[in-house]
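S.K.: If you want the building blocks of each chain, they are given just below.
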Amino acid sequence: MFFIKELTHTILLHPSYFGPRMLSFLESKLYSDVEGTCSGQFGYIIAVVSILDIGKGMVLSGSGQAEFITRYRAIVFKPFKGEVVDGVVNNVNKVCHAPHHLPAYQLLNPATQMGFFADVGPLSVFVSHQLIHPDLRFDSNSNPPSFASVDQIIEKSTHVRLKIVGTRVDATEIFAIGTIKEDHLGVID
Amino acid sequence: MSDLDDAAYGNDNSPDDPYSQEQSQPAERRNRNDSEEENEEEDRGEEEDEEQEEDDEDESPRKKKKRRHKKGIAEKFFDLAAVSDDDDDGDDDMDDDGPDGFIDDPDEGEDASRRPYGHLQSARKFDDADDQSPEQIANDLTRRYRGQNTVRYSGDMNEIPQRLLMPSVHDASLWQVRVKAGRERDLVFSLMRKAIDVEYSARPLNILSAFQRDSLPGMIYVEARSSAQVSQACNGLVGVYLSRGIQLVPIEEMASLLQIKKQDQTVTPGSWVRIKRGTYQGDLAQVVDITETGEDVGVKFIPRIDLNPRDDGSLEGPAGKKRKKTTVTGSGTTRPPQRLFNYEEVVGVWGRKNVVKRNQVYVFQNETYKDGFIEKDLKLSQLKLDDVNPTLDEITQFARRQEGDGGESTVDLSIIAEASRKAAISVLQPGDHVEVFEGEQSGVHGVVEEINQDVVTVTAVGVDFDGQKVDLPARSVRKRFKAGDHVKVMTGQNADETGLVVSVSDNVVTFLSDMSMQEVSVFSKDLREAAEVGSGTNIVGNYELHDLVQLDLQTVGVIFKTERDSFRVLDQNGQVRLVQPHQISMRRDSHRAVATDSEGHELRINDNMKETEGEARKGRVLHIHQAFYAFLHNRDIVENGGVFVTRARSLISLAPKGNLAKGPGASMDLSKMNPALVPPTGGMVGSGNMGRGPRDRLIGVTVTIVKGPYKGYVGAIKDTNGPIARVELHTGNKVVAVDKEKLRRREENGRLVDLEGYRGGYGGPRDNSASQPPYPPAFGTTQNAPYAGAGPTPAWGGRTPAWDSARTPAWNTSSRTPNPYAQGADGKTPAWSTSSKTPNPYAAGGGRTPAWNANSSSTPNPYVTGDSAPGGAWGGATPGRPTWGGATPARPGLASSRPETGWASPRPWGDQWNAPTPAAAAATPGFVAPTPSAATPGYLSISTPAGAFSLPGGGGMSAPTPGAMSAPTPGASYPSYNQFQMPIEYEPPEAWLLDPAYRKYINRIKVRVQGTRTVHPQYLDGEYEGQEAHVVAASQSATQFEQTAMLMFENGKTRTGFLVKYLLPVEPRFENEEVLVLDDPKHKGIVVKLREAPDPDSRRPVTVSPLKSTDVFELMRDRLALLRPE
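Protein chains in written order, with UniProt numbering: chain A, 1 to 189; chain B, 1 to 1126.
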């Protein structure tokens, strides 16, 4: 889900930048520092909407650098469990040693990971084959690898709608697994 | 248990004798049973009775008491002489048949009647009986048993309640005797033989029974009245350690010693077991069938056939067979891997003759193979039935085979579940989500509330039951997970792996590992919900996933998978190895390694590359080895966790490099490729030009050993390794390893010089530091170039051109760096580190320079020993430092803000502020000395927001305080600096105000607000900064909350909830003010009155005296807090 969130960022500015164009430099530095990063707490910072306060630069003793605590407003993207999102298939895992009818515990070989990764904006979502409708079978002969049923095909760069079933939130990364095994999920045209 | 009594009985009684029934009963019970036995005897016919009687006599010393009692009566019936006669014979008899199994030989009973004397005796007895009238006999019997209980023997001993059979203090005791382990059983039998041997001798054994328990190795138990009897019995037996004491077994433990644990382990076909011994030790096996006795179990398991038998074994022919056998056992040392039996394979290796096919099975080396498995009957004792814990891997190996046969398509999950069920109970924890999968409540799920052995109380979650507490057997619940849960594996080979659950089927949970992005299936019992991301799986020991590790001299590899205690490593030849952490000799750092790709471009770590040949795999470069092999990683490749190895020469960059545009000539920076041009940085492990410089420079140096057994020997260093040097002695041609500390460099003129002094040595001259007197004076006088970099360096460098070129420019630039702050944050600026190497030569020479001496001798923290490079570095900087004092007025601005960064590279101060005041420098040697210590790294770690330069205390020296720094006259501050014993400046802790010691006076303490403006956002907009107030109230709140106080400011306003951390005590200013002692070992928390006005500029203690007391003592001003007058 997307939010507009007020955030702060601390910029340390080298004394050589102290000068007339300092503010514009600070702004560009803020954009480059912040946009596209991910914090576990707020999610991905997609874009800075506005800078609320560039902060008063405080020169640090010793290093001489100035510390600006900048407040800004940004669009953040944080995935939640249960959320339905659209994504683009990035990669279909092509390994398939185990036949489908085998129960899960037979998928022991580490090489039996199956499913696809989809990019939902900056977020990478893995959809396991077990969370793919059984009609969509892995087509081992296709190139690029794909999951295919009679009327649908999922391969690289297919657009899919999926539901996030779980997220793992680290300090600097978010990872999610998703499902397309429910109504209205799957390939979107 | 073997019982002496029983043995004796068994000797003479037929099996249907009542005694034999009783054999299994504990001997302690005998006393009580005696009466019953005798009643039984009475019950029988007379003749029988008499025989019985006689038997009793025969077998003799059963119970002393009884015997005595019997004798009194029996004497009337028997001719004593005849009896004794008989005794002797019996004795002889025993001697004969003692050794061969006298317990279970049923013929023995008849033996007595077969004996010649026995016949005679019984005949005589019958005569006696005939002589008497039935009445008389009856009378006799009545007389004999008069006064005895007439409880009838019920016929079934088991009817007697067990507790009545428990031993009491009146029974004989049980003694534990230490024996040689493994000989327990033999010794018990020896004891028995001995007892029988000496039964009729003058000194029969007075022990009642002896037994041993298999579960208690190294001890046997003997039943006797006293320990003396036990030691007498055991005396002379080999393997009995009487010297280790005979211990009495407490009565309450006696019964449990004899308890036989019920074997409740039942084997059912299909269950899993493990093999205890032999080649297949530890292997999982499945029970196929069980013999009726339950002793033999037919199991099948995966064979380990040696497919590489030694050559001599494969000889065929008449003699071949025998030899082969030895080979098979011989190769057992390295056991072959598990592999299903494959007829063609085995025939190919062992020859057709060795494998016989019968019906559906193959017979090979006396083993039967069916469907690839080996089928074998094993004794139950050879199998391990509990704690089997079959892993999914193992079971799948069985399953896969069955799958291939088209037989049972799935493994019976319930069997696996059964095998792991016992464990499952123990892994439940309160708070776990569980679901019931069997029984009435099947399908219910809930949260575990409590666990009481096998019963779990579950708060059900669901429509009907919601909130109800249900008691359930632990075995019918299992942990419940749903897709999307973040879980962690608790046990098993995937332990510590975390991941997101992808699917759940029955009790197998599949999750996507966080680390490897692989799907992993585990039993739900092994999982827990977890918040953290498992890092444990990727780090074993000191090694981490994707580390480049040295396996042996020739081999390196990249870890691509970490398991519980081991790694899977892909070595440079593409081989996968399973290694333990201890097999790894070191981790290699290839961060700086460079190779060339197929187009001759530079190739570095983390570059995205693609193979030009072969499979054209893409990947990110993980490591480069010897500029030849490149290890790459690509998550899309499944083999070896995405890691593969290839030749660097066969790679091509995926992204064109920026320097390509500059034309072919610029594509490679030759200066980087030429190791000679690269300044030796040292410690650059893994790169081609790895630290050759500093480490090896000692090699070849002629040294003298000054300590230890080789003291006085002269030799040359051949090799160094850390603190150890290998020295080849000039005499004796011997190489010895000596601590470097024990070595001194031996100069041409025979002088001994400190070895280490040269180690990081700047110019590397070996011999001239001592013979260069000009230096010390230069040292003392060069104020503006403390390092004298420009001056002396060329001279030094003249000796060692290599060093000169490498170091000097670097040195100069760094010392001139106009803006060292850029790198200064961590105190490890290049400038800093190079400078740290510089002055050691000085330190070595220092002892000979008077000026230097003066300094060092007055320095408590002795840089003169100068072993540590930084210390020496500061020595070098010292002359520049005194300016410090002179420059003090300029300081406060800096000192009041963050000192910790400010000091990171303090050296340039010397450069910048070298407005030299020679007087100051000369006059304050004491000051000069401590200064470097203030700048030591230890100092840097102190973050004192107030800017107080308190030292860690080692030097016992107070560094300049901001207050002192602001002294208008530097001279004034000098005296205080010279007080080396001055206590460290006190800085109250953050929540000082709430110290219980001050509680009594809390509402009088005056405080000053400080630090509210240096935080962001400013606390209360910094409105109160600098204001003084007195505390109205303050009390300690819980630790996780901010501590606050209620204040009344001087303008009369009160403010509640003011954060205590912004409050500082107000120091007293005038005489007669009442103050609270904040910190003092003796006086803390008391109120004192100032006897003099404190000097605001000095750190001299002030004289105070407690209220209503005439005591006077001195305290530091900053340890006092002004109190509001009452």
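One should not assume that every hint holds.
Computed list of chain A residues with no C-beta within reach of chain B, every gap over 12 Å [as the list claims (entries may be wrong)]: (1) I69; (2) V127; (3) D135; (4) I164; (5) K181.
Here are some of the chain B residues that sit facing chain A, going by a computed Cβ distance under 8 Å [said to hold, decoys possible]: (6) A483; (7) G484; (8) D485; (9) H486; (10) M490; (11) V502; (12) S503; (13) T510; (14) L512; (15) N634; (16) D636.
Note that these hints are calculated values from the structure, not bench results. Ideal Cβ positions, reconstructed from N, Cα and C, are used throughout, including at glycine.
S.K.: If a hint holds in the structure, say so; if it does not, say that too.
M.R.: Evaluation of the provided hints:
1. A beta-carbon of chain B comes within 12 Å of the beta-carbon of I69 (chain A); the shortest separation is about 5 Å.
2. With a cut of 12 Å on Cβ distances, V127 (chain A) falls inside the contact zone with chain B, its closest approach being about 9 Å.
3. Every C-beta of chain B lies more than 12 Å from that of D135 (chain A), the closest at about 17 Å, which supports listing it as non-interface.
4. The claim that I164 (chain A) is not at the interface with chain B is violated, since a C-beta of that chain comes within 12 Å of its own (minimum 8 Å).
5. A beta-carbon of chain B is positioned within 12 Å of the beta-carbon of K181 (chain A); the least distance is around 9 Å.
6. Look at A483 (chain B): its Cβ gets to within about 5 Å of chain A, closer than 8 Å, so that hint holds up.
7. The beta carbon of G484 (chain B) comes within 3 Å of a beta carbon in chain A, closer than 8 Å, and the hint placing it at the interface holds.
8. Because the closest C-beta pair between D485 (chain B) and chain A is about 6 Å apart, less than 8 Å, the hint holds.
9. Taking 8 Å as the C-beta contact cut-off toward chain A, the hint placing H486 (chain B) at the interface holds, the least distance being around 6 Å.
10. Checking M490 (chain B) against chain A: minimum C-beta separation of about 18 Å lies over 8 Å; hint violated.
11. A distance limit of 8 Å between C-beta atoms decides the matter here; for V502 (chain B) the minimum to chain A is near 4 Å, and the interface restraint holds.
12. Against a cut-off of 8 Å between C-beta atoms, the interface hint on S503 (chain B) holds, since the closest Cβ of chain A lies about 4 Å away.
13. A hinted interface residue such as T510 (chain B) counts as satisfied when its beta carbon comes closer than 8 Å to some beta carbon of chain A; here the least separation is about 5 Å, so the hint holds.
14. Hint status for L512 (chain B) relative to chain A: holds, with the closest Cβ pair at about 6 Å, below 8 Å.
15. At a threshold of 8 Å, the smallest CB-CB gap from N634 (chain B) to chain A is about 11 Å, leaving the interface hint violated.
16. This hint holds: D636 (chain B) has a C-beta 6 Å from the nearest C-beta of chain A, less than the 8 Å allowed.
Hints 1, 2, 4, 5, 10, 15 from the list above are not met by this structure, while the remaining hints are.
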